[in-house]
Amino acid sequence: AQRVTQPEKLLSVFKGAPVELKCNYSYSGSPELFWYVQYSRQRLQLLLRHISRESIKGFTADLNKGETSFHLKKPFAQEEDSAMYYCALSGDSGNTPLVFGKGTRLSVIA
Amino acid sequence: DTGVSQNPRHKITKRGQNVTFRCDPISEHNRLYWYRQTLGQGPEFLTYFQNEAQLEKSRLLSDRFSAERPKGSFSTLEIQRTEQGDSAMYLCASSPGTHSYEQYFGPGTRLTVT
Numbered sequence: 001a002q003r004v005t006q007p008e009k010l011l012s013v014f015k016g017a018p019v020e021l022k023c024n025y026s027y028s029g030s031p032e033l034f035w036y037v038q039y040s041r042q043r044l045q046l047l048l049r050h051i052s053r054e055s056i057k058g059f060t061a062d063l064n065k066g067e068t069s070f071h072l073k074k075p076f077a078q079e080e081d082s083a084m085y086y087c088a089l090s091g092d093s094g095n096t097p098l099v100f101g102k103g104t105r106l107s108v109i110a
Numbered sequence: 001d002t003g004v005s006q007n008p009r010h011k012i013t014k015r016g017q018n019v020t021f022r023c024d025p026i027s028e029h030n031r032l033y034w035y036r037q038t039l040g041q042g043p044e045f046l047t048y049f050q051n052e053a054q055l056e057k058s059r060l061l062s063d064r065f066s067a068e069r070p071k072g073s074f075s076t077l078e079i080q081r082t083e084q085g086d087s088a089m090y091l092c093a094s095s096p097g098t099h100s101y102e103q104y105f106g107p108g109t110r111l112t113v114t
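Just so you know, the protein sequences line up as chains D and P, in that order. Letter by letter, the first sequence follows residues 1 to 110 of this note's numbering. Letter by letter, the second sequence follows residues 1 to 114 of this note's numbering.
Among the hints, erroneous ones may be present.
[Claimed, not checked] Heads up, incomplete: computed chain P residues facing chain D, CB under 10 Å, no partners named:
| # | residue |
| --- | --- |
| 1 | Pro-8 |
| 2 | Ile-12 |
| 3 | Ile-26 |
| 4 | Tyr-33 |
| 5 | Gly-40 |
| 6 | Thr-47 |
| 7 | Ala-53 |
| 8 | Phe-65 |
| 9 | Gly-72 |
| 10 | Phe-74 |
| 11 | Tyr-104 |
| 12 | Pro-107 |
| 13 | Gly-108 |
[Claimed, not checked] According to the in silico footprint, chain P covers these stretches of chain D (three or more CB under 8 Å from chain P):
| # | region |
| --- | --- |
| 14 | 18-32 |
| 15 | 59-71 |
| 16 | 76-90 |
Just so you know, the hints here were simulated from the structure itself, not pulled from any lab data. Glycine included, C-beta positions come from ideal geometry on N, C-alpha and C.
This is chain D alone, in the form it adopts within the complex:
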């Protein structure tokens, strides 16, 4: 069964501190992994996907197939990073319905 686990409901860090949002997945195949973000009063939007290996807004995420993880990291948190973050996976083609985790709320304290 496809499953995405985000163990932390809430993560609070101080501005300038490193951030790591955890994501583990279960999938029998080669999934595509994504991080979506929802800022206050905005719609859900794609932050980054593992296939593109990009760094967006200073965030990076590395797919670790051995540990079935796709943790989101940023070396120095900013107040504008405060938002709800969802890890999601898609099937082998990457163009199929997303399976989301429950989300982690990141709060960056000034």
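Dock chain P against chain D, hints included.
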């Protein structure tokens, strides 16, 4: 193009009533997805379309739910005989369907069943 739009944004209905939501995807996006999100949960997949063809329905989609995309453009999601457990945010997303894995989400329709 202002992105994916959904109407209405909020709907309050009494238990047992029927409701219909509309989603207008980004122009020329072939794929259209419906998700449901309840408090404290991530979005959960309901159904999706490739053009006008409904390709998959989740087990979450009971017989009271029906979705259509008659001309491969906008889509409607109807819930018949609403129950309090149907109260949720209903999200629509669209994607180009080829060479892009990004799904673009609408603002959602919040349904409250009293």
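Results of checking the hints against the structure:
1. Pro-8: Hint violated; Pro-8(P) Cβ to chain D Cβ min 16 Å, cut 10 Å.
2. Ile-12: violated, 20 Å
3. Ile-26: violated, 12 Å
4. Tyr-33: holds, 6 Å
5. Gly-40: holds, 7 Å
6. Thr-47: holds, 8 Å
7. Ala-53: Cβ of Ala-53(P) sits 14 Å from chain D, so the hint is violated.
8. Phe-65: Hint violated; Phe-65(P) Cβ to chain D Cβ min 15 Å, cut 10 Å.
9. Gly-72: violated, 17 Å
10. Phe-74: Interface hint status for Phe-74(P): violated (18 Å vs cutoff 10 Å).
11. Tyr-104: holds, 8 Å
12. Pro-107: Holds, because the Cβ-Cβ distance from Pro-107(P) to chain D comes to roughly 5 Å (cut-off 10 Å).
13. Gly-108: holds, 7 Å
14. 18-32: violated (count 1)
15. 59-71: This one is violated; 0 residues, fewer than the three required, reach chain P with a Cβ under 8 Å.
16. 76-90: Holds: 3 residues of the region 76-90 of chain D have a Cβ under 8 Å from chain P.
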